[in-house]
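Colleague: Chain by chain, the residues:
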Amino acid sequence: MGRIEYIHKLLSDREISAHELAEKYLEAIDRENGTLNAYVNVTREEALESAQKADEAFRKGEGIGLLTGIPMALKDNISTRGAETTCCSKILRGYKPLYDATAWSRLKAQGAVLLGKTNMDEFAMGSSCETSCFGPAYNPFDTSRSTGGSSGGSAGAVAGNLAVYSLGSDTGGSVRQPAAFCGIVGLKPTYGAVSRSGLVAFASSLDQIGPMAQTVEDVAIIFDAIAGADPLDSTSSKTYVPQTFKNLNNDIKGKTIGIVPQLFSEVSSEVAQAVDSALKTFEGMGINVVSIDIPEIHYALPAYHILACAEASSNLARYDGVRFGHRTKESFDSVNEMMTKTRSEGFSQEVKRRILMGTYVLSKGYYDAYYKKAQLLRGGLSTAFEKAFEKCDAILAPTAPTTAFRIGTQLSPVEAYKADICTAPVNIAGIPAVSLCCGYSHHNLPVGMQLIGRRFGEETILNLAYKFQQETDFVKTADRGLRL
Amino acid sequence: MIYELVSGFETHIELSTKSKLFCSCSTAFGAQPNSHCCPVCLGHPGTLPVINKQAVYLAVMAGLALNCKVNLRSVMERKNYSYPDLPKAYQITQLSAPLCEDGYLELSSGKRIRITRIQVEEDAGKVVHTEDAFCVDYNRCGVPLIEIVSEPDISSTEEAKEYVEKLRILMRYIGVSDCKMQEGSMRCDVNVSLKKQGEKILGTRTEIKNMSSVSSIAKAMEYEFARQKKVLEAGGKVERETLRFDEAKGVTISMRSKEDAQDYRFFCEPDLQAVVLTQQEVESIRHSMPMLPSEKEKIYVEEWGISKPQAVLLTKYRRISEFFDKTVESFADPQLAAGFITGQIFSLFATEEEKEAFDVRTSPYDLAGICALVKDKKISKNLAKVTFDKMLATGKHAEELITPQDMQGMSEEELLTLCKEALEHNPSAVADYKSGKEKALMAILGTVMRQSRGAADPERAKTYLLKLLS
Chain D
1 MGRIEYIHKL LSDREISAHE LAEKYLEAID RENGTLNAYV NVTREEALES AQKADEAFRK
61 GEGIGLLTGI PMALKDNIST RGAETTCCSK ILRGYKPLYD ATAWSRLKAQ GAVLLGKTNM
121 DEFAMGSSCE TSCFGPAYNP FDTSRSTGGS SGGSAGAVAG NLAVYSLGSD TGGSVRQPAA
181 FCGIVGLKPT YGAVSRSGLV AFASSLDQIG PMAQTVEDVA IIFDAIAGAD PLDSTSSKTY
241 VPQTFKNLNN DIKGKTIGIV PQLFSEVSSE VAQAVDSALK TFEGMGINVV SIDIPEIHYA
301 LPAYHILACA EASSNLARYD GVRFGHRTKE SFDSVNEMMT KTRSEGFSQE VKRRILMGTY
361 VLSKGYYDAY YKKAQLLRGG LSTAFEKAFE KCDAILAPTA PTTAFRIGTQ LSPVEAYKAD
421 ICTAPVNIAG IPAVSLCCGY SHHNLPVGMQ LIGRRFGEET ILNLAYKFQQ ETDFVKTADR
481 GLRL
Chain U
485 MIYELVSGFE THIELSTKSK LFCSCSTAFG AQPNSHCCPV CLGHPGTLPV INKQAVYLAV
545 MAGLALNCKV NLRSVMERKN YSYPDLPKAY QITQLSAPLC EDGYLELSSG KRIRITRIQV
605 EEDAGKVVHT EDAFCVDYNR CGVPLIEIVS EPDISSTEEA KEYVEKLRIL MRYIGVSDCK
665 MQEGSMRCDV NVSLKKQGEK ILGTRTEIKN MSSVSSIAKA MEYEFARQKK VLEAGGKVER
725 ETLRFDEAKG VTISMRSKED AQDYRFFCEP DLQAVVLTQQ EVESIRHSMP MLPSEKEKIY
785 VEEWGISKPQ AVLLTKYRRI SEFFDKTVES FADPQLAAGF ITGQIFSLFA TEEEKEAFDV
845 RTSPYDLAGI CALVKDKKIS KNLAKVTFDK MLATGKHAEE LITPQDMQGM SEEELLTLCK
905 EALEHNPSAV ADYKSGKEKA LMAILGTVMR QSRGAADPER AKTYLLKLLS
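Line order of the protein sequences matches chains D and U.
So for the first sequence, my numbering puts the first residue at 1; every next one is plus one.
So for the second sequence, my numbering puts the first residue at 485; every next one is plus one.
Hints listed in this document are in silico derivations from the structure and should not be mistaken for laboratory results.
Worth double-checking, as some hints may not be accurate.
Unchecked claim - From the structure, some residues in chain U lie toward chain D, with a derived Cβ separation under 10 angstroms:
hint, residue
1, 522
2, 523
3, 565
4, 566
5, 571
6, 573
7, 622
8, 748
9, 752
10, 757
Claimed, not checked - Cut-off 27 angstroms, straight-line C-alpha distance, at most; resulting in silico cross-link-like pairs (DSS-like, lysine-lysine):
hint, chain 1, residue 1, chain 2, residue 2
11, U, 714, U, 502
12, D, 352, U, 839
13, U, 680, U, 645
14, D, 96, U, 610
To be verified - With the Cβ distance kept under 7 angstroms, some of the chain D side facing chain U (calculated, not the full set):
hint, residue
15, 318
16, 331
17, 335
18, 338
19, 363
Glycine is no exception: its CB is placed at the ideal position from the N, C-alpha and C atoms.
So that you can see chain D by itself, here it is in the shape it has in the complex (with noise of 0.2 angstroms):
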C-alpha cells in the first residue's frame, strides 16, 4: 500500500494521533530543514489546529477520509489565505492571500494537515530551484546536488522524508523534472483537469497543479481529490470526474507503449539506459511496444518557451506595488517610476529574462514571426500527439535529459532550459505525465522516466504506472527526516 493509506491506518487505529504525527514532522523539519531548504515558511500552528480537528474526527468517526490528518506541503505560490505565499520572489515578501486555491481548499475540507510553504525557482522560472529568493532546496540524496525545479522544495520535502505528500506545479516540467531528481512520483495533470484558481500564474495556458508523493497510489489518491470541475476557473473541465485510484490495478496486459525517438535525443546514456530496462520491465508484463515518430517535438521547446514567456510577461506585469507585496522604499517622481523601481528591485535577474522575452515576442512587428508561429506549431503538435494515441496507450520517455545535477552549474541560459527539453512537449500538448523512478544511476542518483498520456486519461498511465511500481523496486526516500 501507498504512504497515504499506510499512515491512515495508524491514524484510524489509533496508534498515534494526528496531533502526534504533525509534532514529529514539525520537528524534523526544525531539525532538517536547515540542510534541505526545502520549507521556505513552516506553518506550525495551523498545522497543529488542523491535526487536532482531525483528531477530533477519528474520535467521533465522522468525516474522515483517507486523507484525513496527512501531513503535507503546498508549493509557494498556491495561494493560503492568510499564510504567506511569495513565490520565492522579493517581490511578494510579505503578501498574504485573500482566500485559498481550490486544489488547496479540497484537501483542506478533507482534513489535510499544512506544515508549511515549499521552496521554489522564482515565480516557477527554472529547473533547478536555484533562482529562489531564499536560496536554492538541496537533493535529499545528495546535499550538493540540486533537487530540479521549479517544485524543488515539494520533491525535497517529500524525498527527506519532511512530509508525506505535496502539491507542486507544472508548466514545463516543474513537477516531473523535480520528482525524477528526488526519485518520488509526480503527475503533471491534463490541462483543465485540476483547478487553476489561486495558483500564481506563469503560463496560463500551461500550468497545472500536480500531486508528488512517495507513491502511484498517493498521487492518485491526491489527484481524485483535488480534480474536477471548479466555476472559479473557466478553463477547468466542466465533467471530468477522474477515478484513478480504483482503477490502478487493473490489468495492463496487451496494452501498447509507443517510444517516441525524438524523446530520447540529447538525453545521457545512462538515463537512457533506465528507461530502455523499464521498457523490458514492461514488455516482460505483456506490453506491446511501438515505436512513433514525433518530428514536431524538435520545435517544442523552442516554441514552449515563445509562449510561456510571452504569458509571462502578460502575468507578471500586474506586480507594480501598487496594491500589494513589495513597494520600494527609494524615493520617486512619478507612479512610472515607483513602478519601476519596485520592479527592478523585486525580481531576479532569470523572471527579468523571461519577462522581456515575452515582451518582445508579442510586441508588434514580430508577433507574427514568434508568437503566432509558436501557436501554430502547438496545435501541430497537439495533433501528432493525439494521431499517436491511436497507436499506442501511453508514451515511455524520459522525464529529464540528465539525473540531478550539481548546484552552482553556471549553465548558460539556454542550456540551462534544455533541462525541459523531454517534459516541455508535454505541456504544449496539454496531455498528462507522471513521472517515476526507474532506476539509480552509478552515482545512486534516482532516475526517472515518464508515461505520457492522453488527454484525461490519467486512469492509463497511473495504472501502468503503479503496475510499474508493484514489479520493481524503486520506491525508496532519503536516508533522513521522519521515518514511520
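Since the structure of chain D is provided, determine the placement of chain U on it from the hints.
Modeller: For chain U alone, kept in the frame of chain D given last:
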C-alpha cells in the same frame, strides 16, 4: 476652400448588470472607495476571470437594437499596458473577433450612422488626485462595458448631438444601461477630421476625450473643427493626436501623440473560453426585448393613425409608450389618448428626466375611461379636460369626480342663466368689450366655464354671451 467635418464616435457604455464582468462584486455607483472589490477585480495573484453571462446578453441586446450582426463566437483578448487604475496591467477586451458588427443608428433625417462594431470589455478603476496623494478607487474596475464604434459618418455637430441622444435614449429604453453621462456610465470619445468639399480623401484625425455632456461634445467638435481649419488654411499639417477637452476654457488640449501609439501586445485571453452563443439564445434575447421605438413609431403612425410628431414623442421613452399602449389596449381611441398624454400629462413634467420617469397618479385604464366618455359624447371635451387634470392631481377615478348631472350635460336655461350671471360679475370686462376690446369676451367666457365646472359647451356659451352683449 470649404472644409467638411468628418466624425466618428467611440462610445463606452456601462451595462446594467448587478455584478461586474468577471467577478460577483457589485456595480452600484457611489459607494465608499474600494468597497466593491475582491481579489479578482483587484488582480491579486492567482485569480481568474469568470465571465458574467448577463453582461453578454445585454451586449447582444444593444447589438440587436442597433441592427448589428451578432457573432455567435467572439473572443476575449488582453490589451496590455501599465497604469495604476488597471490592476492586472492588462484590460480584458475584444479586438479581432468582437461580439457585434455592421449595424446602424438611423437619425431623424433618415441618414444612417453605421456601427462598425460593438465589443465587450471591462472598465478600469478611477484615479483620484488629492493635494498630496495619487489615489486609486477600484470600485469601477471590472464593471462591464460595451464599446460602440461608429464609422466616420457624422458630418455636423447637430448630427453628433442627435447620435449621442438617440443612442442614450435607446440604451435606456431597452434597459441595457442607465447612460448617465455625469456618472460616467456613458462616455464618448470623438474622432474629428476635415476633408475638402467634393473630395474623397479624409484628413488626419484627432481624438477628443473627456467631454461630460452632449453640449460639451458639440462645443469640443466646433472648437476642433475651427482649430484644424486654421492649421490647414495656413498650409500646415494636422497632427494625429489625442486631445482632452477643457470644459472651462472651451479648448482642446493635446494629451499624447497617437504617433507614439502604445503597442498593446494583444493576444487571446488564455484564462477564458471563447464567448459562444447559440442562435436560439440570440433569438430568445431578441424576443425578451421590448419593441424598439422605431418599430412602435411605425405602428402608431401606420396602424393607429397617430401623427408622426406625436408618435415620436410617445416613443421617446419606454414608460410613455407602455402607458400609451396599455391605454389603447383598454379600448381607448388612440388619437384621443395620444392627445391627453402629449398634452395634459406632459405639461406636468418640467424636465426630460421627469418625462422619462413618467410618474403619473392615474392609470392607463382610467385614461381609457375618460377617452370613452368623450368618444361616446357622454361628457364634453372640456369637462373631460378639467376632470383629467383632477385625476392627475388626486389619483381619483373619473367616476368619483364626475356627477350624474355632469354626465347629463347642461340645459339651455342653465347655460343662459350662467351667462347672465357671468356678465353681472364682470362689469369691467363688459365695459372693455363694449369699448372694442374683443378679447375681453374670453374673460367672461372663462367665468362661465369655471362656474359650470367645465360642463358648459364653450361655443354655445359664446353665442349666448354675444347675443346678450349686443
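Colleague: Give a verdict on every hint.
Modeller: To see whether the hints hold, each was checked on the structure:
1. 522: holds (8 angstroms)
2. 523: For residue 523 of chain U, the interface hint holds, since the closest Cβ of chain D sits about 5 angstroms away, which is under 10 angstroms.
3. 565: holds (9 angstroms)
4. 566: Given a least distance of 6 angstroms, the restraint on residue 566 of chain U holds.
5. 571: Result: holds, 6 angstroms to nearest chain D Cβ.
6. 573: Holds. Min distance 3 angstroms.
7. 622: Since the shortest Cβ distance to chain D is 8 angstroms, the answer is holds.
8. 748: holds (9 angstroms)
9. 752: Status holds, d = 9 angstroms.
10. 757: This hint holds: residue 757 of chain U lies near chain D, its Cβ roughly 6 angstroms from the closest one there, short of 10 angstroms.
11. U:714 x U:502: Answer violated: residue 714 of chain U to residue 502 of chain U is near 48 angstroms, above 27 angstroms.
12. D:352 x U:839: Since the Cα atoms of residue 352 of chain D and residue 839 of chain U sit roughly 59 angstroms apart, the hinted pair is violated (cutoff 27 angstroms).
13. U:680 x U:645: holds (23 angstroms)
14. D:96 x U:610: Holds: residue 96 of chain D and residue 610 of chain U sit about 25 angstroms apart, inside 27 angstroms.
15. 318: This interface hint holds because 5 angstroms falls under the 7 angstroms limit.
16. 331: At about 15 angstroms, which exceeds the 7 angstroms cut-off, the nearest Cβ of chain U leaves the hint on residue 331 of chain D violated.
17. 335: holds (5 angstroms)
18. 338: violated (9 angstroms)
19. 363: holds (5 angstroms)
Hint compliance for this structure: hints 11, 12, 16 and 18 are broken, all remaining hints hold.
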